[in-house]
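Go by the hints and put chain B onto chain A.
Keeping their order, the protein sequence lines are chains A and B. If you count the first sequence from 1, position 146 lands on 148 in the working numbering, and the numbers rise without skipping. If you count the second sequence from 1, position 136 lands on 138 in the working numbering, and the numbers rise without skipping.
Worth flagging that the hints you see were computed from the coordinates, not collected in a lab. Note that CB positions come from ideal geometry on N, CA and C, so glycine has one too. Certain hints may be false.
Chain B regions said to be covered by chain A (calculated; three or more residues, Cβ under 8 Å) [claimed, not checked]: (1) 5–19; (2) 181–187; (3) 214–224; (4) 299–306.
Only part of the chain B face toward chain A is listed, based on derived beta-carbon distances under 8 Å [claimed, not checked]: (5) E38; (6) T41; (7) S130; (8) W148; (9) E157; (10) A192; (11) E245; (12) G246; (13) G266; (14) H267.
Sample of chain A residues facing chain B (criterion: CB under 8 Å; computed from the structure) [claimed, not checked]: (15) V12; (16) E14; (17) G28; (18) T29; (19) E99; (20) R100; (21) C104; (22) R144; (23) V183; (24) G185; (25) E245; (26) G246; (27) D265; (28) G266; (29) S268.
There are 2 protein chains.
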Amino acid sequence: MFVELHRGTVLESRHRVHVAVVDASGTLVAQAGDPEYRTFWRSAAKPFQALPLVEDGVAERFGLSRQDLALACASHSSEPAQVALVREFLQRVGCSERDLLCGPHRALSDAVARDYETRGVRLTAVYSNCSGKHTGMLALARHHGWPTEFYARIEHPVQQRCLKSVGTYTDVPVQDIGVAVDGCGVACFALPLRNMALAYTRLDGPILEAMMLHPELIAGEGRPCTEMMRAHPGRVVTKVGAEGVYSALLVREGLGVTLKVEDGHSVASALAIAAVLAELALKPQPPSLLKKPITNSRGETVGEMRVSGGLAR
Amino acid sequence: MFVELHRGTVLESRHRVHVAVVDASGTLVAQAGDPEYRTFWRSAAKPFQALPLVEDGVAERFGLSRQDLALACASHSSEPAQVALVREFLQRVGCSERDLLCGPHRALSDAVARDYETRGVRLTAVYSNCSGKHTGMLALARHHGWPTEFYARIEHPVQQRCLKSVGTYTDVPVQDIGVAVDGCGVACFALPLRNMALAYTRLDGPILEAMMLHPELIAGEGRPCTEMMRAHPGRVVTKVGAEGVYSALLVREGLGVTLKVEDGHSVASALAIAAVLAELALKPQPPSLLKKPITNSRGETVGEMRVSGGLAR
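Only chain A is shown next, with the shape it has when bound in the complex:
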């Protein structure tokens, strides 16, 4: 499977895509490229970094809301309402923005980023798309009586607990999981796509519910995860990761999906996951995810990106 950029009628560039689709038993039911491709799960691992909040009793202890749990799984758009909710979440677990170790960055939503530039909003840690995940990590530390300082380090018990969670849900022994530093400063995990897909078939309980009921928090207005989940309510959970990773759960079919655009292109990964979900079960996908027009500096549409090829069964 490729995501191709056509300029006029000629192929200009192309992005290779590796896909694994598995059922709850872990059987590979469809694939493209190399379903065993090993890479970092990045933000698509967030649900499994959030699951300890439920399993260890953190959610119950602090009375976390569904929105809190959704934000712990989110790569949110830094929308004002999302940032306000993370601030409440922080307060609920007895922490403040000062405790967050995520670095700020331009909002993942262009519209939000431009709004903040126009209004001169100063970006701080809570504006990071990962601020919900980090707040969840702080809650986990508080609950267990671990220090909240240095919670981002791989040797800190918070990161060790997340690593264990990832190992459990993916069936990958912890010592076989590659570890490095994510864009937001905490640990990120490398493993085969097939195992990531398997983990998504095991999503369940309050975390699954939170993601399904709050697509507007998982990403944000106009972004692919939110749009795909809204297009098929209750049928799908989708979660983007940086560098071209995408995971999904087809709820009714019980299928887990993970794909990687080999070169890390994020627009290509959104087009690819929409095409894969359409091929497996969910048509139609949002029109913005069928193809992406390529425009030039004169505002002319001079080409488009679109998916070529499909899954092998």
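Chain B only, in chain A's frame:
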């Protein structure tokens, strides 16, 4: 050949690179991937869109300087001095900024772009990295008595003259050259990498001189083309194109090089051309082109991009 992104010690993403290295007879002397890969030449075709200025007597007619010719071949950084020179070039050929059909865009140099944002500089057509090429096209139209209006259209004699030039230097019959609209609005040309490389071995005369003597105009301060040419004065001409294309001439060796990063990644293409030139003849390359550190939102270096693999002879 790949350009790889390593996060920590684990490979995360990779970019495939196709390379053709040919001598003046057109013999393929080294390669990687598919040297016949067909894609758009984009801005790496500019020297061949500028050659009619010399061949048709335009340079002589208007008394074009070496700097004018260099700018006609450039993807410049929109530096104030570069923009001022393009304005003089426009004047010299009896045109003004109003005649330019290139759309403005954020400067290709981050430093320049940030400076203009800070100072609130309004970007106009002359700030386009292609404004020198467009001025050359206006000069060509004036010289031949062709209308200067609509010079960007493929059916306009200016574009037909450029197409003919590309066909002649690449040995590709004009009817086999793919045509689409470039980022700046004029025609761009699709053909095999090997033929693009051949054309570079045929660069000669005032255009070659202009590029060699003005590396500061071909790109700009801190950008790869300028840095590579400065590192080995008189030994090499390099020219970037959008979507991961790079061409070069090794002057002393008489070798032409063209590469394409399959997925269009521009940072990967700069690392790749530096590695190819180093392998063929030119060591050392500027340190900034040996590898590119990957930093996260906390400012930590968490990985790097670097080239893996080399040429086959």
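Hints and how they fare:
no.: 1; hint: 5–19; in the structure: holds (count 11)
no.: 2; hint: 181–187; in the structure: holds (count 7)
no.: 3; hint: 214–224; in the structure: violated (count 0)
no.: 4; hint: 299–306; in the structure: holds (count 6)
no.: 5; hint: E38; in the structure: 14 Å, violated
no.: 6; hint: T41; in the structure: 6 Å, holds
no.: 7; hint: S130; in the structure: 6 Å, holds
no.: 8; hint: W148; in the structure: 21 Å, violated
no.: 9; hint: E157; in the structure: 14 Å, violated
no.: 10; hint: A192; in the structure: 5 Å, holds
no.: 11; hint: E245; in the structure: 5 Å, holds
no.: 12; hint: G246; in the structure: 7 Å, holds
no.: 13; hint: G266; in the structure: 4 Å, holds
no.: 14; hint: H267; in the structure: 6 Å, holds
no.: 15; hint: V12; in the structure: 4 Å, holds
no.: 16; hint: E14; in the structure: 5 Å, holds
no.: 17; hint: G28; in the structure: 23 Å, violated
no.: 18; hint: T29; in the structure: 27 Å, violated
no.: 19; hint: E99; in the structure: 15 Å, violated
no.: 20; hint: R100; in the structure: 15 Å, violated
no.: 21; hint: C104; in the structure: 7 Å, holds
no.: 22; hint: R144; in the structure: 22 Å, violated
no.: 23; hint: V183; in the structure: 4 Å, holds
no.: 24; hint: G185; in the structure: 5 Å, holds
no.: 25; hint: E245; in the structure: 5 Å, holds
no.: 26; hint: G246; in the structure: 7 Å, holds
no.: 27; hint: D265; in the structure: 4 Å, holds
no.: 28; hint: G266; in the structure: 4 Å, holds
no.: 29; hint: S268; in the structure: 11 Å, violated
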